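Peer 1: If you want the building blocks of each chain, they are given just below.
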Amino acid sequence: MIRLPAFDYVAPRTVDDAVRNLADRGPDAMLVAGGTDLFPNMKRGQFEPKTLIGLRGIRELAGVSGDARAGLTIGAATTLSAVASHPDVARRYAALATAAGLVSSPQLRNAGTLGGNVCVDTRCNYYNQSYEWRKAVGFCMKKDGDICLVAPGSDRCWAVSSSDTAPVLWALGATARLAGPAGERTIPVSALYQDDGIVYLAKRPDEILTELALPPADGWDSVYLKLRRRGSFDFPVLGVAVAVRREGEIVREARVVLGAVASTPREAPAAATALVGQRLTSETITRAAEAAAGPAKPLDNTDFTHPYRKRLVRVYVARALGRLAGLHAGPAMEVIA
Amino acid sequence: MTKRFTVVGQPLPKIDAWGKVTGDTRYADDLVLPRLAFGKLLRSPHAHARITRIDTTRARALPGVYAVITGADLPRVKFGILPVSQDEEALCTEKVRMVGDAVAAVAAVNEETADRACRLIEVDYAPLPALMSIQESLAHPEVRIHEYGDGPNVHKNVALQFGDVEAAFAAADLVREDVFFYEGNTHLPMEQHAAVAHATPDGKLTLWSSTQTPHYVHRLLAKILEMPAAHIRVIAAAVGGGFGGKLDPFSHEIAACRLSQLIGRPVKIACTREEVFYIHRGRHPVLMWIKTGFTKAGDITGCHLKTWLDGGAYGSYGVASTFYTGVINPVTYKMPVYKFEGARVFTNKPPCGPKRGHGTPQPRFALEVQLDKAAEQLGLDPADMRRRILVEPFTKTANHLTVTTIGLGECIDRVVEASRWRDKAPRYAAAQAEPSKPLWQPRRRRGVGIACSSYMTGAGTAIYWNNMPHSGVVLRADRSGGVTVLCGATDIGQGSDSILAYLVAEVLGLDPKDVHVHPADTSLTPVDLGSYSSRVTLMCGHAAIQAAERLRAVVFKAVAAKLEVDAATLEARERKVGVAHDWDKAVDFARAVELGEAMHGVLAFAGSYAPPKRAGKYKGGGVGPSPCYSYSACVVELSVDEDTGEVELHDVWIAHDIGRALNPLLVEGQVEGSVYMGIGEALMEAQVFRKNVHKAPSMLEYKTPTTLETPEIHTILVETDDPEGPFGAKEAGQGPLLPVMPAIANAIYQAVGVRVDEIPITPEKVLKGLELKRQGKPARVGPDRVPLFTFKEPIVVESAFGAPAEAIAVRPFADSQT
Ligand SMILES: Cc1cc2nc3c(=O)[nH]c(=O)nc-3n(C[C@H](O)[C@H](O)[C@H](O)COP(=O)(O)OP(=O)(O)OC[C@H]3O[C@@H](n4cnc5c(N)ncnc54)[C@H](O)[C@@H]3O)c2cc1C
Ligand code: SF4
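Protein sequence lines, in the order shown, are assigned to chains A and B.
So for the first sequence, the numbering used here puts the first residue at 116; every next one is plus one.
So for the second sequence, the numbering used here puts the first residue at 23; every next one is plus one.
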């Protein structure tokens, strides 16, 4: 069996304590919440931290507060199961409940956290492999090597942003609160990411994500659809998050954000523009869907072929909007292949 | 007269069910011995390379390392499971032929140290060109993967002809030629291979291993380690799934033995999931060309099949696999004339071998899809067409196989009725013409598809030629009233230990719980050849019944003397032996054993079984014969999403001719497991390579369905009471897999009019077909050419089609005395 390498484990009780520990230990230390992403990666040698700073013992990091009218605040160490089953989330921020409820499997959702999901490592099927496998193929720049095997001419890594909740939080206009040695700050979730497979988070390495805040839900409706081979526990290879604010039947604001088709969630502004000021009719939906695929830049480094993933953006955006419009009762949350 | 049974036919739990569900079962990786050392293999990162230097100095110097070995530390003998393909080395010495070939092994104080030591072993390679497909290997005869075989990179080239196919095609109203490809896939047992070896100071060796065939491992270890087989003991640990993946001797077993001999400690090597993908021996990728002639009424006039198998880097069971792509086909439908040509090609990939259905799912897919296409052209209902042309019971096939009972007609009738085929098939076909819905609505179309199949119940010949039993049982009755079964069969999860307990309990009138079944142990249990070819229930079942009847005869004799009755009037039931009309006087079984022992001495009896000798009298005639064949019919109902190409399965109806269900619960379990595995093969599984390396050697990225992707499975058991089976039973472990893939392909065609002649049928391929259809082109996705290749001159034999089967052939050992 592949063994988890040895490491020191620190269990701070407060965010301050965690921030101090992280600063003191520098780049040899990493944060761990549920460990459902980090531990498998450590087994395969993608990360080799000397120390892990566990976040699950910090009370202030877990739990949901506020309400849909004023906005909800979700602690970064809240489990995905807790997020998915929270009544306000389920009722008023439906896409988030859907996305959190579709991450991996029930066991992993009971351990995995929202913060961990937001910070989850980017994925690539040349990278999520054992040390021996990567040696056989040739190491790439994300770990142990210096080229990209997917785009050999490229000087950057194209590993795929594979979080289910990230595109949804982005579409919902959520903000992220970060705590670091220099104090705390709040940034939009859209500013948390950058289009680079290696340095995919725009936060500083010594900052801890402490909470995610959702704006008031009034007038907003949202849907998340996820493409993957198996509905049981696969990562997304395309995620479509759509949020619209309607006055009467007219769409006043809209955001369409695509997941798992680039190294960061990708907003599709042209699709949103096609919706604003319109009713969600068959024609509007078709127009918006046609406009949505532009920002999707999938490469051949996940399950399914990349032309297929690109092609399905249009279909999934149309279906997501169809659901919002109530044009059809629709299938279950997603199609199980 | 119907037989009356008490244990047989009951839906009893498996005898090891409690252990399995509570975690009490001990697999090889659970075994711990005092002073245990942990081993690890260093595997090649190159697909094809010469080894120019191995230096283990640094690894040996690492604290905690007990020993490091290379091929130089093992006798220089090549081995292989088949006598004709001795081409493997436990640790490669001169050349590696795939990524994952083992080159060195380490034993250390723990796994982490062994792992670190492996990385300190220096190996220099001189890379050679890697050949990664059938086409590449045939196109590059100058790059030879092996020096032996039937041609450059051709492991095996076979051709058999039974009757005149050209005349048969000339007599047909419709002749179809189709090309199909079936991608390789792997077994994916839940338990990863593991072995513990213990060389003891007396110079003997014990190996506990997760194996389906302790007997063959025993024989081969003696050869590989150059030691007397009598000093080697192989014990089958509980096996957490095999499916054919644990049927060869493996590097980790051999390395563990050698390391233990060198360091005097027991050594365990447990493979990682990734290593299991390299061990493989799974489904061969097969390219197929099939030409069949049909009459207007749907009769087959003759069939000509060519197969090219991508064998991977070693021989393994490949010669048998090659034959199996051809020889079982004529067992299902009347096929008066048949020609088969097959070639197995070496490539630089993990070796392929026997996976559930061994060599037969690929041609079954081709044949059943082609039948569907022919039915459409002939304007026949595909279910009715199949129903009309079934092989007659107790006749011979063109290639001289003897068919006994065949319940396929009833199987078809039952699935057609249960699925409401007659209502749905025309309705869904008509619905294809309905216009599409708008894009924002999931656009799904329903389809139903049917396919049938047949499979062997045990191979008629052993892997090495011999005249001994294929399965043996020794039964010992205890004064406690308990009975111990010693049998070399391995329970790999299919329930063979339970079957032994049921059959013995049935004959002796006991509760299965009174029967202790000892796991396979070459020093204790009589030989059973192994858990493959669906042979165990039939063969060890007969041996167990024979041993139990012999025991019962002696017990009856003793009880008869005691009760002063005729032994012929005695019955054994409810843990008693007595006369039915005077049951009050019946004696407890424990007492009966004491009486028997007092009269006879120790009550230990043997049973033996070997299949009837029915091999066709031509070269190659030894592959295919079986005591009897099981049959299955399957209807699948599914939807295809027109915009995503995704296939959603709704229901699977499957009827299986089981001969007799010794335990219907176990049979249903095997049928459901087969359906589940078939769904994975049909829709997603693929053992594929990129940059010469397995693309996805993990449980997460090698896609296989989970229970959540598995639809409702409606299992129907059809009983034919076969005279060759123990109490009439046939196999259930492999046959029901076979019709699933073509039934799915046929249902997809019915739903959206797209033919995907290539397994797996991925959403991408379905979408491509839909695109072609929209463009008004033939909506077919699949291979369109076959390699330029010359098959051998065929061995021409007269067709035996329709000849009456000999009366139940005499079985060796059937009446011999104890
Ligand atoms: C089989 C399997 C299937 C999966 N399927 C999915 C899927 O479908 N969709 C999906 O999105 N994910 C999936 N995952 C990944 C993972 O389970 C989830 O993303 C989960 O939400 C991660 O949360 P965690 O708390 O376990 O993160 P951890 O593993 O603890 O951490 C993940 C990363 O985030 C960092 N981190 C964690 N918390 C913080 C914080 N508060 N501040 C700063 N950095 C932090 C860690 O340092 C680490 O780099 C799957 C994993 C597995 C093993
Ligand atoms: S995208 Fe390129 S650099 Fe990044 S992980 Fe994949 S192969 Fe490596």
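There may be inaccurate statements among the hints.
[Claimed, not checked] The list that follows gives simulated cross-link-like pairs (lysine-lysine, DSS-like), each with its CA atoms no further than 25 Å apart:
#1 K717(B) <-> K158(A)
#2 K790(B) <-> K412(A)
#3 K790(B) <-> K258(A)
Please keep in mind that the hints were generated in silico from the structure rather than gathered at the bench.
Predicted model, so just to flag it, every value in this text is computed and none were measured.
Peer 1: If you test the structure against every hint from before, which numbers come out violated?
Peer 2: Hint 3 is the one this structure does not satisfy, whereas the remaining hints hold.
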